[in-house]
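Sequence order for the protein chains is A and B. Residue 28 in my numbering is what sits at position 28 of the first sequence, and the numbering runs on without skipping anything. Each number in my numbering comes from the position in the second sequence (counting from 1) with 156 added on.
Quick caveat, the hints were computed from the structure, so don't treat them as lab data. Incorrect hints may have been included.
As the list claims (entries may be wrong) - With the Cβ distance kept under 7 Å, some of the chain A side facing chain B (calculated, not the full set): (1) M1; (2) P18; (3) D40; (4) S42; (5) E54; (6) V64.
Glycine included, each C-beta is placed from N, C-alpha and C at the ideal position.
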Amino acid sequence: MRVRLSVNGASQEHEVEPRLLLVHYLREVVGLTGTNVGCDTSSCGACTVLMDGESIKSCTVLAVQADGTEITTIEGMAQDGAMHPIQEAFREHHALQCGYCTPGMVMAAASLLKEHADLTEAEVREGLEGNLCRCTGYHNIVKAVLAAAGDREALV
Amino acid sequence: MIPVAFDYQRVSSVDEALGLLATHGDEAKLLAGGHSLLPLMKLRLAVPSVLVDVGRLHDLSYVRDAGDHVAIGALTRHRDLETSELLAAQVPILAHVAGQVGDPQVRHRGTIGGSLAHGDPASDLPAVVLALGGTLVARGPGGERTIEARSFFEGFLQTALGPDELLTEIRVPKATIVGAAAVRNGTTGVALVNMGSTPLRASATEAALAAGASIGDAAAVAAEGTEPSGDLNASPDFRRHLATVLVRRALEEAAS
Ligand SMILES: Cc1cc2nc3c(=O)[nH]c(=O)nc-3n(C[C@H](O)[C@H](O)[C@H](O)COP(=O)(O)OP(=O)(O)OC[C@H]3O[C@@H](n4cnc5c(N)ncnc54)[C@H](O)[C@@H]3O)c2cc1C
Ligand code: FES
Ligand code: FES
C-alpha cells in the first residue's frame with residue numbers, strides 16, 4: 001500500500017507492506033535511526049515519536065496507520081543547528097547515561113509539555129510513566145523536563 | 157516481532173466496515189487504536205488475514221449529553237475521555253479511570269470501543285461501564301441493537317458481539333461520584349477487575365449494601381462468588397484479599 005506522510009516536515013511517499021511497523025518504516029525506509037526499539041512490546045517508550053503532535057509508541061502503530069499524518073522524530077527537534085530546549089535541558093542536567101532511552105524520553109516530554117500548562121514534579125513522573133530508563137534512576141530526567149517546562153518562552 | 161502478512165482496508169463509513177466484515181467473516185478483524193490487537197498480532201496470537209481500519213471514523217469519536225445518560229462514540233480515545241469536560245461534570249469516574257489507562261502514549265491511541273470489544277478481564281474501562289450499568293450499541297447486518305453491559309462480557313476475550321458487528325456507542329448513566337465504585341440514585345454498583353474470566357459486578361457486596369450493611373461488612377464479601385486466577389503478579393487468595401480491601405477503599409471514597 002502507498003503511504004504519504006510528513007516526517008520532520010519533509011514529505012515522504014513509499015510503497016509499504018501493511019504489516020510494516022512505523023518504527024521500522026522510520027528507521028529502515030526513511031533512514032532515520034534516532035528512534036530506538038527497546039522492548040518491541042509497547043512497554044519501554046524508546047520508540048516514542050509524535051504523530052500530529054501527540055506522543056505514540058511507533059512499535060505499536062502500523063506505517064499504514066500513519067498515512068496522511070505528520071510525524072516528528074528526535075531528528076526533527078533541533079532547528080537550524082540549535083538543539084531544542086528540551087534537548088538542551090537534558091544536556092544541562094545530565095539527564096542521560098547510555099542514551100538509549102533519550103530520544104523517546106525527549107519526544108514523550110515534548111508531548112507532555114504541550115498538553116500541560118504547568119507541571120509539578122509528580123506530574124512529570126506520571127507523564128513519563130510510559131518511558132523506561134535503565135541507567136539514570138530518572139532523577140535528572142525529571143529535573144531536565146521541569147527545567148524545560150519552566151523555560152516555556154524558549155520552547156515555542 | 158512482525159505480524160503475519162494481512163490485507164489492510166481503511167474504511168470511511170460504518171457501512172463500508174460492515175460490508176467488509178460480511179464478506180470476510182472470521183478472517184477479518186476491526187482495527188481501532190490497535191493497542192490490544194497489534195501486540196497480539198506481533199506475538200502471532202492473532203492472525204487475521206484482513207484488517208479493517210476504523211480508526212478514521214471520526215464521526216464515532218464524541219462525548220455527548222443525551223439527557224439521562226452520556227453517549228460516547230466507540231472510537232473515542234482514552235485521552236479524549238480523560239480530558240472531556242462533560243464527563244468530568246457528569247460521569248467523573250469514567251474520565252478519571254480513562255486517565256489511569258497505561259501511559260500517555262497508550263491513551264493517545266487506544267479507544268473505549270476497542271477496550272470493551274477486546275473483553276480483557278484485566279482492563280479498566282469495561283469494569284467502570286459495568287459498575288455504572290452502561291449500555292452498548294452495536295451495528296451489524298441486521299441493523300442496530302443495544303446490549304446491557306451486564307450481558308456483554310461472556311468469557312476471557314469473549315463478548316456478545318458477533319464477528320459481523322461493530323460497536324458504535326457506549327451509554328452510561330450520569331453518576332457524579334468518583335471512586336472505583338459509583339453510587340447513583342441510592343443504589344451502588346461495584347465492579348471488579350481481574351477476578352475471573354470477565355469483568356464482574358461484586359454482587360454480594362451490592363446486595364449487602366442494598367440490605368443496609370456497613371461499608372466494612374459489605375466490602376468483606378466482595379470476593380464472594382469470584383474465581384480469580386493466579387499468575388506472576390498475584391495468587392488467587394491474594395487477589396481475593398485485595399478485592400475486599402480495594403472495594404472498601406472505593407466505597408469509602410464514594411461515600412465521602
Ligand atoms: C502498554 C499498554 C498498556 C496498557 N495499559 C492498560 C491499562 O492500564 N488499563 C487498560 O484498561 N488497558 C490497558 N491497555 C489496553 C488499551 O486500553 C487498549 O487501547 C484497549 O484495550 C484497546 O483499544 P484499541 O482502540 O486500541 O483497540 P484495538 O487494539 O484496535 O482492538 C481491540 C479489539 O477490539 C476490536 N474492536 C475495536 N474497535 C471495535 C469496535 N468499534 N467494534 C467492534 N470491535 C472493535 C478489535 O477487532 C480487536 O479485537 C494497555 C495497552 C498497552 C499497549
Ligand atoms: S520499543 Fe516501543 S515501547 Fe519499547
Ligand atoms: S540513559 Fe540508559 S536507558 Fe536511559
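Going down the list of hints, with the structure as the test:
For A/M1, the suggested interface contact is upheld, since its CB lies about 6 Å from the closest CB of chain B, less than 7 Å. This hint holds: A/P18 has a C-beta 3 Å from the nearest C-beta of chain B, less than the 7 Å allowed. Because the smallest distance between the Cβ of A/D40 and any Cβ of chain B comes to about 5 Å, under 7 Å, the interface hint for this residue holds. Interface restraint check for A/S42: the shortest CB-CB distance to chain B comes to about 6 Å, inside 7 Å, so the restraint holds.
For A/E54, the interface hint holds, since its Cβ comes within 7 Å of a Cβ in chain B; the closest pair sits about 4 Å apart. With a cut of 7 Å, the hint placing A/V64 at the interface with chain B holds, because the nearest CB-to-CB distance is about 5 Å.
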